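S.K.: Can you make the complete structure from the sequences, with help from the hints?
As a plain string of letters, each chain reads:
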Amino acid sequence: MTNGVAIGLPMVRPEVDFYIHQLYPINFFGTTVYITTTHVCTFIVLLSIAILAICARRSVLKTKDNPSKFATGVEFAISVLINFVDGTMGKAGKKYTNYIGTLFVFVLFSNISGLFGLRPPTADFGTTFTIALVSFVMIQYAAIRYQKWGYLKGMFEPIFLFFPINVISEFATPISLSLRLFGNVMAGTVMMALYYGMLPWLFQLGIPSALHVYFDLFSGAIQTYVFCMLTMTFVAQKREVEG
Amino acid sequence: MGNIDNEGFINGCSAIGAGLAVIAGIGPGVGQGIAAGYGASAVGRNPGAKGDIMSTMILGQAVAETTGLYGLVVALLLMFVKPFK
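Those protein sequence lines, which keep their order, are chains A and B.
Quick note: the first sequence uses this note's numbering, first residue 2, plus one each step.
Quick note: the second sequence uses this note's numbering, first residue 342, plus one each step.
If you're looking for bench data, these hints aren't it; they were derived computationally from the structure.
Be aware that a few hints might be false.
Claimed, not checked - Using 35 Å as the maximum straight-line C-alpha spacing, the simulated DSBU-like pairs for lysine-lysine come out as follows:
| id | chain 1 | residue 1 | chain 2 | residue 2 |
| --- | --- | --- | --- | --- |
| 1 | A | K95 | B | K391 |
| 2 | A | K154 | A | K239 |
| 3 | A | K239 | A | K149 |
| 4 | A | K70 | B | K391 |
| 5 | A | K239 | B | K391 |
| 6 | A | K154 | A | K92 |
| 7 | A | K92 | B | K391 |
Said to hold, decoys possible - In silico contact screen, one side only, chain B against chain A (beta carbon under 10 Å); selected entries:
| id | residue |
| --- | --- |
| 8 | I345 |
| 9 | I394 |
| 10 | S396 |
| 11 | I399 |
| 12 | A403 |
| 13 | E406 |
| 14 | T407 |
| 15 | G409 |
| 16 | Y411 |
| 17 | L413 |
| 18 | L417 |
| 19 | F421 |
Claimed, not checked - Sample of chain B residues lacking proximity to chain A, with all beta carbon distances greater than 12 Å (derived):
| id | residue |
| --- | --- |
| 20 | N347 |
| 21 | F350 |
| 22 | I375 |
| 23 | G378 |
| 24 | V384 |
| 25 | R386 |
| 26 | P388 |
Everything numeric in this text was worked out from a predicted model, so none of it was measured.
From the three backbone atoms N, C-alpha and C, an ideal C-beta is built for every residue, glycine too.
M.R.: See below:
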């Protein structure tokens with residue numbers, strides 16, 4: 002809070018606060034890096050996911066005859082996830098259920114964490130770009146594994162002059178994936194910060210709940226869905242052997 | 342008036358540029374509206390397939406939204422990161 006902000010100089014009023022704060026400096030091989038609010042919020046999100054996962058495991062393992070409501074909910078969520086992945090990727094879906102499920106839960110919890118007063122970790126381009134890079138590596142791995150030399154040959158189609166354009170379009174995938182998520186969550190964060198910071202107290206008596214439902218719950222859930230859906234679509238596309 | 346210093350001039354121009362950049366929101370607005378319109382007519386023709394139509398429409402809309410978000414990101418960069426000194 003005191004050490005200024007991670008991005009630029011504040012041009013807006015001090016009560017409008019959507020910046021990433023630098024909390025604690027660390028000396029990392031000569032350069033100073035900071036523990037930021039993103040790290041703290043990511044840790045909180047991961048902790049809550051871990052607690053939820055442990056509770057879910059316990060309640061499912063404990064089930065003998067009639068499962069509790071919680072265990073039923075967990076099983077329902079898992080079956081929805083499996084149907085979702087299988088429906089998009091077909092037979093290959095089984096291999097990717099783990100990754101897509103992890104991605105879905107983490108991004109969803111990150112987006113929703115704005116509801117609980119945290120700064121969403123996905124409102125930091127570092128987080129979204131990292132997730133998108135993981136997806137990018139997976140997409141490229143699928144392409145090389147299943148298309149082999151055909152993938153390299155496909156780069157030169159329709160004529161060899163298109164090689165640079167094809168390469169750029171491959172590298173545009175993670176950027177557009179991450180910017181989509183980042184832009185949506187950041188827009189919500191900025192909007193909420195402006196609303197809380199600029200309007201008098203009279204307007205803060207219940208209208209923000211509707212805004213939170215839209216920006217955090219609705220937009221967050223949709224973007225999570227889109228991120229997972231696009232990752233699956235890209236991977237499934239690369240797994241089809243061309244020609 | 343009369344004597345604006347260098348920093349103030351850059352700030353002002355950045356604000357104008359940010360405002361121009363979010364005009365990019367027009368395109369996604371039109372595109373999403375068209376998608377929603379066709380989605381509604383598809384549901385009208387085939388109410389049984391509402392779930393599939395809904396998910397396809399939302400996916401398409403979210404992809405269409407990307408270009409508008411690029412404009413937003415440019416605006417945010419201009420306003421808060423200040424690439425020009």
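S.K.: State for each hint whether it applies.
M.R.: Status of the hints after comparison with the structure:
1. At roughly 27 Å between alpha-carbon atoms, K95/A and K391/B fall within 35 Å of each other, so this suggested pair holds.
2. This hinted pair checks out: K154/A and K239/A have alpha carbons roughly 14 Å apart, not beyond 35 Å.
3. The straight-line distance between the Cα atoms of K239/A and K149/A is roughly 11 Å, inside the 35 Å bound, and the hint therefore holds.
4. Taking the CA atoms of K70/A and K391/B, the gap is about 29 Å. The hint holds against a cut of 35 Å.
5. Taken as a hint, the K239/A and K391/B pair is honoured in the structure, with Cα atoms around 29 Å apart against an allowance of 35 Å.
6. Of the pairs offered as hints, the one joining K154/A and K92/A holds, with about 26 Å between alpha carbons and a cut-off of 35 Å not exceeded.
7. Simply put, K92/A and K391/B have alpha-carbon atoms about 25 Å apart, close enough for the 35 Å limit, and the pair holds.
8. At its closest, the beta carbon of I345/B sits 16 Å from a beta carbon of chain A; the interface hint therefore is violated under the 10 Å criterion.
9. Proximity of I394/B to chain A is violated relative to the hint, the smallest CB-CB distance being about 15 Å (cut-off 10 Å).
10. Satisfaction of the interface hint for S396/B is found here, the shortest Cβ-Cβ separation to chain A being roughly 8 Å, below the 10 Å cut-off.
11. For I399/B, the interface hint holds, since its Cβ comes within 10 Å of a Cβ in chain A; the closest pair sits about 6 Å apart.
12. Contact between A403/B and chain A, as hinted, is supported at the beta carbon level, the nearest pair being about 4 Å apart and thus within 10 Å.
13. At a threshold of 10 Å, the smallest CB-CB gap from E406/B to chain A is about 7 Å, leaving the interface hint in force.
14. Because the smallest distance between the Cβ of T407/B and any Cβ of chain A comes to about 5 Å, under 10 Å, the interface hint for this residue holds.
15. The restraint placing G409/B at the interface with chain A holds, with a minimum CB-CB distance near 8 Å, inside the 10 Å limit.
16. Hint on Y411/B holds. Least Cβ distance to chain A is approximately 7 Å, under the 10 Å limit.
17. Because the closest C-beta pair between L413/B and chain A is about 5 Å apart, less than 10 Å, the hint holds.
18. The beta carbon of L417/B comes within 7 Å of a beta carbon in chain A, closer than 10 Å, and the hint placing it at the interface holds.
19. Because the smallest distance between the Cβ of F421/B and any Cβ of chain A comes to about 5 Å, under 10 Å, the interface hint for this residue holds.
20. Under the 12 Å C-beta cut-off, the non-interface status given to N347/B relative to chain A holds; the minimum distance is some 15 Å.
21. Even its closest Cβ contact with chain A, about 14 Å, leaves F350/B beyond 12 Å, as expected for a residue assigned away from the interface.
22. With 12 Å as the threshold on Cβ separation, the claim that I375/B sits away from chain A holds: the shortest Cβ distance comes to roughly 18 Å.
23. The Cβ of G378/B sits about 19 Å from the closest Cβ of chain A, beyond the 12 Å cut-off, so the non-interface label holds.
24. For V384/B, the condition that its CB be more than 12 Å from all CB atoms of chain A holds, with the nearest at approximately 18 Å.
25. Distance to chain A confirms R386/B as a non-interface residue, since its nearest Cβ pair spans about 23 Å, more than 12 Å.
26. The beta carbon of P388/B sits about 21 Å from the closest Cβ of chain A, which is more than 12 Å, so the claim that it is off the interface holds.
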